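Build out the structure end to end from the sequences listed, making use of the hints.
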Amino acid sequence: MMSKNGVSLLLAALALLLCNAPALAGDLDRFASLEGTLDIAGGTAHIPVMNEAAKRIMSFNPKIRITVAGGGTGIGVQKAGEGLVDIGNTGRPLSEEEVAKFGLQSFDFAIDGVAPIVHPENPVNGLTAQQIRDIFAGRITRWSAAGGPDAAIHVYGREEASGTHEVFWDKLLKKEPIVAGANIIQSNGAMKVAVSQDANAIGYMSIGHIDDTVKPLAVDGVTPSQETAVDGSYPVVRHLFMNTKGDPKPVARAFIDYILSAEGAGIISAAGYIPVR
Amino acid sequence: MLSEIWIRRLLGTAAMVSTAAAFCILLVLVTLALPLFTAGGLGTVLSWQWLPFQGKFGILPMVVGSLLLSLGALAAATPLAVGLACFAQVLAPGWIKSPCLAVVHYMTSIPTVIYGFVSVFVLVPLMRQWFDRGTGFSLLTAMIALTLLILPTIVLVFQATLREVDRTARATCAALGFSKPSYIRHALLPLSRRGLLAAVILGFGRAVGDTLISLMLAGNAPMVPGSPLDAIRTLTAHIALVVATDSQSTFYHSVFASGVILFLIMILINLALRRLGGSFAP
Chain A
1 MMSKNGVSLL
11 LAALALLLCN
21 APALAGDLDR
31 FASLEGTLDI
41 AGGTAHIPVM
51 NEAAKRIMSF
61 NPKIRITVAG
71 GGTGIGVQKA
81 GEGLVDIGNT
91 GRPLSEEEVA
101 KFGLQSFDFA
111 IDGVAPIVHP
121 ENPVNGLTAQ
131 QIRDIFAGRI
141 TRWSAAGGPD
151 AAIHVYGREE
161 ASGTHEVFWD
171 KLLKKEPIVA
181 GANIIQSNGA
191 MKVAVSQDAN
201 AIGYMSIGHI
211 DDTVKPLAVD
221 GVTPSQETAV
231 DGSYPVVRHL
241 FMNTKGDPKP
251 VARAFIDYIL
261 SAEGAGIISA
271 AGYIPVR
Chain B
278 MLSEIWIRRL
288 LGTAAMVSTA
298 AAFCILLVLV
308 TLALPLFTAG
318 GLGTVLSWQW
328 LPFQGKFGIL
338 PMVVGSLLLS
348 LGALAAATPL
358 AVGLACFAQV
368 LAPGWIKSPC
378 LAVVHYMTSI
388 PTVIYGFVSV
398 FVLVPLMRQW
408 FDRGTGFSLL
418 TAMIALTLLI
428 LPTIVLVFQA
438 TLREVDRTAR
448 ATCAALGFSK
458 PSYIRHALLP
468 LSRRGLLAAV
478 ILGFGRAVGD
488 TLISLMLAGN
498 APMVPGSPLD
508 AIRTLTAHIA
518 LVVATDSQST
528 FYHSVFASGV
538 ILFLIMILIN
548 LALRRLGGSF
558 AP
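Chains as they are written, first to last, in my numbering: chain A, 1 to 277; chain B, 278 to 559.
Because the hints were derived from the structure by calculation, they are not lab data. Nothing here was measured: the structure is a model prediction, and the numbers come from that model. Ideal Cβ placement from N, Cα and C applies to all residues, glycine included. Treat the hints with care, as some may be off.
[Said to hold, decoys possible] A few chain B residues facing chain A, derived, Cβ under 10 Å: (1) GLY371; (2) ALA495; (3) MET500; (4) VAL519.
Take a look at the structure:
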């Protein structure tokens, strides 16, 4: 597991070196005359996009320092609202209280699907929406009742105010509470680890985070993917937001414009999300 | 003469600052949790169900979770620590004693997240296989990891006392004809119980305050467990989970209530242990 990660990290680093050798500008030009620091924190689904953009910007103009931290949607609102970071990311629209208290401005930049996932060795490839509701509500407790092996279903969920949880709960579970004994996981990354380690697991996570270690389940015959999320056939989607307190300062402004540019759209797609424009 | 005054002042300030900081934290927590103490808020928080989107903000399951996990780990770690410390101090030959203590010393410096991380990949799948019930993320799993985490703290603090007592008592007791085991049983342990008390209090503090072990291993289900193989959520993990996802809604305040309760639990257990320690003093 670790060594595989290590190798892929090395490959990624090499690929990055090769790609970056002829410094392609264009959308990056807006950073040419800027300098300073930019701190970003919040939603964990955003991190791949933020990291890639930060890397490109910092290698284009080393006078700009960008830090990217996670924490979750709540941390994103809190830190941006209190001026501790320049951009706070959220995986859900801000609530009225949050806008009222902090005077935050939201920038919608990507669409993300949230998919039910199981262990790759689980023979079940798809379920109906009703079966998924029954499983998460605790009415179906064994895989044999859903076309799988004779084993208990291990339900993994997320905390109630998580952006990922909110869309899955709202659009797929129809706001039915998750069974009380479900394991609650603290981030998209931790969800992937938990489900990839447990052959009888079912959980849900952002499509952008899914890789070979977990298997997305088709819902009513529709496999969750970027394509089915774009054409609307997979309905469990949400928007990802960057938020700033009041008007963004120049570097943050340039960063947001860059994410919304053509090159930014490329980064968003490569991370597994759908750019909004 | 002047420098002595300054040293005294410096030390006094240091002591005042740290005491004041602890009080300020409690004060801030209480202030922030204050909205809950009005309009039936307290009843909402001190209840048994956590379903925030249905208006149920009960954190009592987390209180139970915290207590079960930390007291369980303490109950497992204390006898182990006493045995280890006595063995290292009295029974072990020199060539075992020093590597043994070196390992314990080293264990205190391993970051909590390492214990959590290794447990997720090793202990959790094992628990799942062995018991064939639940997901492996459970009270018992977290308790095992937490026992390992607080064990070295208790050993080191207790052993510091043992060493002092041993230095003064050993020759006397040997002259009186005590065997080594009965020396430990009748002289060493009774004489160093204050040290043990301090060690246990410190160990409990670490156990109840630990966030990562329970967050990563205990499963975080907000319910009272029916068996050690069920998932639990501790107060600390609850704070971490809610802070990571929410920021302003009404149930955010339950985080501060959790903080106040953690603070109170620490104070109560401290007092209880001190009383216990006082009661068997000569």
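Contradicted hints - numbers only: 1
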